[in-house]
Amino acid sequence: MTDRSAARAPERAPATGSVRRIRMPQKLRNLELGLLIVACVINAGAIVLVQLGALGRIDTQLVLLGAGLSVLVFGLHVAMRFVARDADPFLLPIATVLNGLGIAMIYRIDIAYGDAGWESAAVRQIVWSVIAIVAALATILLIRNHRTLFRYTYLSGLIAIVLLLLPLVPGLGQTRGGARVWIGIGDLVTFQPGEIAKIALAVFFAGYLVRNRDSLSMVGRTFLGMRFPRGRDLGPLLVVWALSMAVIVFQRDLGTALLYFGLFLVMLYVATSRLSWVVLGLSMFFAGAIIASQTLDYVNGRFQNWLNAFDPAVYDAQGGSFQLVQGLFGLANGGLIGTGLGQGRPDLTPVPQSDYIIASLGEELGLAGLFAILALYVLFVARGFRIGFAGQDDFGKLLGVGLSFVVALQVFIVVGGVTRVIPLTGLTTPFLAAGGSSLVANWIIVALLLRLSDTVRNHPRLVIDG
Amino acid sequence: MNRELKRVTIVSLLMFLTLFVASTIIQYAQADNLAADPRNARTLYQSYSVERGPILVGGDPIAFSEPSDDDYKFQRIYANGPLYAPVTGFIPVNGEATGLEGSLNAELSGTSESQFFDSLNRLISGQDPMGASVEVTIDPVAQQAAWDALGDYTGAIIVTQPSSGRIVAMVTKPTYDPNSLAVHNGEEVDQTYRNLVEDPGDPLFNRATGGDMNPPGSVFKLVMTAAALESGQYTPDSTFPNPAEFTLPETSSVVRNSSGGTCGGGSEVTLATALRLSCNIPFAELALELGDDAIRAQAEKFGFNSNFSIPNPTETSTYPANPDAPQTALSGFGQGDVRATPMQMAMVSAAIANGGIVMDPDLVESITAPDFRPIEEFDATQFGRAISESTARTMTEMMVNGVENGAASNARIDGVSVAGKTGTAENGEDDPYTLWFTGFAPADDPQYAITVLVEDGGGLGQEGFGNLIAAPLAKQVLEAVLNK
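Quick note, the sequences are listed as chains A and B, same order. My numbering numbers the first residue of the first sequence as 35 and each following residue consecutively. My numbering numbers the first residue of the second sequence as 4 and each following residue consecutively.
The reader is advised that the hints may include incorrect statements.
[What the hints assert, rightly or not] Derived CB-CB ranges, DEER-like: (1) B:Ala32 - A:Pro346: 20 to 26 Å; (2) B:Leu47 - A:Gly148: 17 to 23 Å; (3) A:Pro346 - B:Val186: 25 to 31 Å.
[As the list claims (entries may be wrong)] Partial selection, computed: residues in chain A whose CB lies under 10 Å from chain B: (4) Phe124; (5) Ala305; (6) Gly368; (7) Gly400; (8) Gly422; (9) Phe423; (10) Phe446.
Derived by calculation from the structure, the hints in this document are not laboratory data. No experiment lies behind these values; they were computed from the predicted model shown. Cβ atoms here follow ideal geometry from the backbone N, Cα and C, with glycine treated the same way.
If we strip away everything but chain B, and leave its shape as in the complex, we get (with noise of 0.2 Å):
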């Protein structure tokens, strides 16, 4: 009988061996797969049990959370929702999280690596875990004020500092309030989510960085005069033929300047006058001399067809890759496939600004450890140089006569110089029109780069143009955060 017994004893010995190696499998070698699954609410709960650390503007908290009694710990409150929804993006309980709170959650739920210790440190004191706190780089005045300037209109505002490529303030309308998608009740939270998603405002669009790409229209002059003037042909005063109608090459498609005349008078134009008048036959023309693969080199200096994240996800600005002639002409304009976003815009504007040198964009100023050990600080990247000095030299007297004598005459402040220039550009044939405004102030030291952007006419359809809409926005703003 004892033979029998070993044997059934062996068999239960191998029995809880098999549990052993079963329970081993599940809790140790399978566990990270197990919490990576998207039905395992305890790894949601678990990034939501520690306290998330605050978003800050200026020192006060535009995104925080606060203790609540139920499954999820913490509830996080967006201070002025709002106004800093393209900033602070949201954290919904059953998705993905947006803006900063999605781009730093490792850092502000306290998992990146550079809080390894820190994280443990706190686990052996027995101290609740804590996650980073994150300062921008937006300036509430500049923020408050791109705000009240947009008013009701459909459209994005975004200021940079061109010596750094801090983004002071970004702006986007119409918005959404991130609280209401922070609630702990998932189905509010899909409700809310389809009803914005269905909005025919498109409210979840951040304009400022991506959103229904617009065409650059005349803005894009910007990029073709820095082309002409980097290939050493051209000067300001280069002369172009100056005709009221303009056939495009291979096609019977006509293009007219905006004043629906010659371009100020006279039988042949300078590239100045062009540019400051905002004429669209003469950079056409200037497009088809230099040809798309010059103007497509000159646009990726400036940014185009790179992806940017300041950290938050961009959508890319392009300049198209084979166009054919009367599309090469229609971008000279900032028509046909090119497309950008203010960011971009506003970083053709700052390179101006700043010598000739792209700065990249980025909305952190600093990330800093429960403990106050700060883990980064703001480190301005260049992006690469666009144009020489002298370039960017010409280009900003030419912009300056642009706001103080031409087409972006409604941009002028007193006692200021500002540089600009508008832009009113064609989307469909019976469509409203986009309308912009980069710039930057004061011309002479800049502290500013402005873009604004204004979709659907404004309001006034096909009546609406840049410096009737855009540039007043743009000086609004600038006054602001010049005088404060």
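Only chain A is shown next, with the shape it has when bound in the complex (with noise of 0.2 Å):
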């Protein structure tokens, strides 16, 4: 494809394309201002209404350091202004909005529990959203060209292994609600480092199937119309697929363990054109997970609360169905329109700050905010998809899809989990939910979609083809 249209782009090019170069970047980095300043109004705006739902009266202390907040998204816009300046407008804006919604969720939960300061989720939401956004920022300013990342390949591959495998250091890795995903110094500081795995991952798998992809994709034996690889090409496969099944049997994290290989799989698949693999990798994953469900309690038990959730005997077992009937009660609740911000009771539904969060915003935003927050989701993955379409080296192409993908397929597992369209893991919700690890991972797949779609900006004979 890239050579298609490269050999068209010339004749294609306009005489004006040096002005239009000139002027498209301010004219991106103006919509952006624009976009950031009516997510920041929303923002605000849902936080003011949480006060007023739920208490009664206007508390500035939040809204000032909603306000910060803002402050610092807008010094992320001016730092762009300078260094990506044909970045794409939008991924910033959605990202903030939905950052600033889950904050307004959060602290809407902190006031039902009668949390406060400290002890509030909300406060500690807004400090790690501040580290999340200065490492966007750190990793804009510090990548200015995302083949960089290219030589860094093995080196992300190691660097994911290591972060997966930290919390089963003795000492050092915590249990938490059955999965050990979490490393963290007593209750302090708590920090789960598959999160940020999932980057090095990305890049690993873009860097390692740009080189490999040849020998992946062109010999093998063709079957049912498909070609297959050869036994020896399925290495790569294999090695993923044994990690995510040690995820499942150690981590005890079947989300993670989906999220992993589902990534692996896309960008083998984007890479190889091999649809054999994705069948392949389908089915070793499904026949790992009944297995799995055979035989390890916990995965069976998921499968239970998923399939039987209105059951009496499984709403009433210990780890059972009870918390998700409890957010389709919540959304329920919300119905069409929704109770209004603070005026629901998403605080009766377990953990409704993060694996519920999703539960609470349907409950109290309805089936309308529902839609348009999953709505903001397709429009930021479709944004970092335009990247791969429009990207000019596929090292490029393959990360921006790879980290949209891993996106799209944390929205789909975790809403999915609470709608029950699948079972329910324990994976976070991009940027709405409460807890830091996943804020800072999603914030720099923002600096990295951010710099990726700069440097596509920066030859618009492909943006205009694209």
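Combine both chains into one complex, guided by the hints.
Given below as structure tokens:
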């Protein structure tokens, strides 16, 4: 594809191309600025509505904290005017509004719980947001060209493995909600290294696949109209599959395993054009998942909760479907237009600030609000895929697709779990859910996508053609 | 690569589409089902988050909601709880509401269809939702008088307005305090409720409209007399053989009059004398002559074998479907398988007082929306005509005679003519009697019909009888309501 567009491009490039190249970025950044202002107004409005709905008065303290956060986001915007002038104008405002809505909802539940100060999850979320946005800023300042990452392909792979193994280190790893995916010192500072690992994995997969895709795609036997890979080329797939299964068995985390494996399969497919990889990979994963559901109690429990959520025995069981059903009650209570911020009872659902934040938002903002949030994710993912379509180097394309898809898949796994499309697994809803590691990871994804889109825009012929 | 990318895009869009569909199913298609799930605490809290309308007696609230700081937002308070428990019932946080709280829940919580536009209007104008207020037909003076009169007896007193069916007083004892079941703690409610259920005195029973259904005994002789007169074959002067003992057909069981001897002397006794002295044998004879079909038909015209909601649910008083001859004879004086609530007997007296027309009993005077718009006004409805006007007149005279010169003498009030009939019903062989009085006053211009039920022989076992225990209570209540 790259060749085809490249061949056509010179003929179609307009004579005024150079003029447009100078004017466009200004327009993009101004659009971004406008959207950012809208995003911050929505966020401030959400927090004020929460206070009016749940407290019946306005508390300026949190509004000020939120305003501080907005300043930081505008700082990121200003930095981009210098170092990423051509970057996509939608990504930053979308991330901002999702992050802000998350804080508003977390704050709303703090009020219901009576938490304040450092007890308040919202305050902690704001602090984590600051760290995450600073991390994004650092990423965009440090990585001036995404191809730098290509050089660190194998280092990224190593980092990913180390990050994944960290929670298993005695004394460092912590188990929560049954899943051993946390590291921390006491309860003070905890982190889910797996969230960062997904970025390292995307970089590693992109670099590795660009290097090896010829051998992975060209040879093999044809069977049932599909060309299947040779046995010795199965190596990488088997390794990633084994890694996912290890996550299921040792870290007891179904969602993360599904996320990593899905990410790898999609990137493998895009890189090699071989549907057989997907067929093979999905069969292996589902075979593994089915075996796990038969042999591992917690996986079996997740399936029971999913299939027989309303069965009284399952509902009342330890670790049963109680919280899933409470989430459904919350969503149903929201109906089409929601109860209004601060007016519902999301606090009746367990973990309403993290795993069930989407049920909390669905209750108070209704189906309409949920649709709007999902639409924001669709837009975010679509902007990411656009990089894939328009990018001119395969590494950049693959990385862009991988990072966007990982967000899409994560939203699907967690929201699908809450809405009973698939068994519920403990993943965070990107940008919304309370949790520092998730925020940092997703803001770094924003930074990388911004950097990638900036590179793409630097070559307008592809934008026009794309 | 772009072809693959397109497919991945489509797959991603499909994933999101699934989420759109799934959330629509939950929040729209299944929302009502999920809300109706008994495990859904939100639904319960929501029914509390509305300021429930008050229940009023003479303009004063006997049940009302006060703001509270917990999950339920409002605390239900029952002023004078035990006195009005059979009227209000209670609304627990973890179960079904009883009494008017249950039967008028939709109106009190503002969710009835007639309040739809009102709630919509409040939603739009930003006012908090509020339920309608319910004014009941109870007269506080009559209610208090009935409560005081019943004292520590196990039983019930019900007073109605014969012309309309309004329930003016409804007291049952022993009773309970609905406040103890309105606390916002499910476990505490459960414990209190269990204790009340296990209490041998059955305080949760509303003995005025249900509870342990009692045989009406001699008060059923009113229904018998009505059946006889309505048949056209009998007058008050019709005579019956007057033995001191009567052997039930097909058995060796012997029936006696309560006096132990004949009914007033002589070899024959008139219907009027038999009713005035409340003799059993003539009515057993009458029952056999009339047959169970005729008695049942008359009883059903008074309301037996029909169910009434006032709008609280009530127990159905029964006349048996296919009694054999001895059972039919026993039914002639309200024994056998005949069962009646005080409300049913009040309907019999009220019909006689009301020229023969039975009115449907009702507790609700009016329902008013929070904006003072009337939703429902009292509307007297007829159950039907039980007896002709002339029969009603004749029976009134006979009942007045029963109080002035007969077995109901303790209901006499100076200066007021009272029509009445006592009853002393047998339960098991050695069980204490059930004591009754039913009647109305003033006989020439009936204002109130009253029925008194005292269970457990009024504490006197088989020594107590209707005129000794029940009639004076009726007198006390009638004096209070007529003198006010």
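Outcome of the hint check:
Taking 20 to 26 Å as the suggested C-beta distance range, the pair B:Ala32 and A:Pro346 conforms, at roughly 23 Å. Judged by the Cβ atoms, the range 17 to 23 Å given for B:Leu47 and A:Gly148 holds: they are separated by roughly 22 Å. Distance hint check: the CB atoms of A:Pro346 and B:Val186 are about 26 Å apart, consistent with the given range 25 to 31 Å. Residue-level restraint check for A:Phe124 is violated (minimum Cβ-Cβ distance to chain B is 16 Å; threshold 10 Å).
Hint status for A:Ala305 relative to chain B: holds, with the closest Cβ pair at about 8 Å, below 10 Å. Among the interface hints, the one on A:Gly368 holds; its C-beta lies about 6 Å from the nearest C-beta in chain B, closer than the 10 Å criterion. A distance limit of 10 Å between C-beta atoms decides the matter here; for A:Gly400 the minimum to chain B is near 7 Å, and the interface restraint holds. Contact between A:Gly422 and chain B, as hinted, is supported at the beta carbon level, the nearest pair being about 5 Å apart and thus within 10 Å.
Annotation: interface hint on A:Phe423 holds; nearest CB of chain B at approximately 6 Å, less than 10 Å. Interface restraint check: A:Phe446 against chain B, minimum CB-CB distance 4 Å, threshold 10 Å, status holds.
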